[in-house]
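What follows is each chain in one-letter form.
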Amino acid sequence: MKTEFLQNWDTQLKKGILPLFVLKALSKKECYGYELIQELKLSAGLEVTEGTIYPLLIRLMKYNLLTSKWVEQPSGIPRKYYQISDLGKKALKEMKSSIQMTMTKIVK
Amino acid sequence: MKSIQFKSKSAQRVYDDYINRCQKTIKILSKADKEDCLLEINSYIYEFLANTEAEDEMENLLNIIERLGPPEETLKEAIATKKTEQAIKTFNPKFLFQALILNISNGIIYIILFVLFLLLFCFPVLIVLKLIYPNEVGLYVGEGSFYVGFVDSPVRVTEISGNWFIPFALVISCSLYLIIILLLKLKTKLK
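Here the protein sequences line up with chains A and B, keeping their order. Residue numbering for the first sequence follows the numbering used here, starting at 1 and increasing by one per position. Residue numbering for the second sequence follows the numbering used here, starting at 1001 and increasing by one per position.
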């Protein structure tokens, strides 16, 4: 069983690497918010709520790492699809190599 | 925005209340930005409900509202970002003030910009004071000293601007405003 310290550390770690997983998921295919949450759950085992993903997507858009478009739906409730931008792809590459460097230092 | 319709009256009320809270939170945004935020929040609610297999729609609704969190928190980032974009685009001092207030906790640059913004309003005040007290307001030079503003009893200092103080203050105000906008633009570009 994890101690309180380890649980907090785990939460902080997941929170810290969440932008990387979001960029990674969107580098594979464009997604709308709910779909992205499901994708993160399936591919990375991350439990993310709508209240976490929405501000994060806004932040990534602010840094021009993502682009978005509204797509009308038969239900009348449109979906906002997010795509990774060229800048986002570069950022993802750098984030991955940064994580790899850290991992190398950890397992040394 | 198309509202989601619920079978239960209570669920409808809870949904309407949440959307109203969102609307109140984003009231300072432009019409287009408000619509964008509301459409997205509505989409999160709709998609969750449409993809959740449970009979109690009220419980599902309460779950998604809990997952979304308080609108004041969830929409904070969106409001600050969209307001800054609006201020840069429109050059409107009201939007600029709102953008600086919303971003004040986002770094020292916003605190500096806010101080510059407050300084900006000192010059129009000085222009009015110059018209009322022409001998006490101006650019003063003394022994190793230099003042801009109001000097109660100018002793051992000489006022050097005369009536040119008004155009001087206007130019400084406009320059400060442009500097604030440019710094904000630069900050946004250098993300």
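Hints are computed from structural coordinates only; laboratory data are not their basis. Built from N, CA and C at the ideal position, the CB exists for glycine as well. Treat each hint with caution, since some may be false.
Covered stretches of chain B (in silico footprint by chain A; criterion: 3 or more residues with CB under 8 Å from a CB of chain A, positions within the stretch not fixed) [unchecked claim]:
no.	region
1	1034-1044
2	1077-1088
3	1143-1152
4	1171-1177
Mimicking BS3-like on lysine-lysine, the simulated pairs with C-alpha atoms at most 27 Å apart in a straight line are [stated by the list, open to error]:
no.	chain 1	residue 1	chain 2	residue 2
5	A	K105	A	K62
6	A	K62	B	K1007
7	A	K80	B	K1024
Hint-by-hint comparison with the structure:
no.	hint	verdict
1	1034-1044	holds (count 6)
2	1077-1088	holds (count 3)
3	1143-1152	violated (count 0)
4	1171-1177	violated (count 0)
5	K105/A x K62/A	32 Å, violated
6	K62/A x K1007/B	38 Å, violated
7	K80/A x K1024/B	22 Å, holds
Hints 3, 4, 5, 6 from the earlier list are contradicted by this structure; the remaining hints agree with it.
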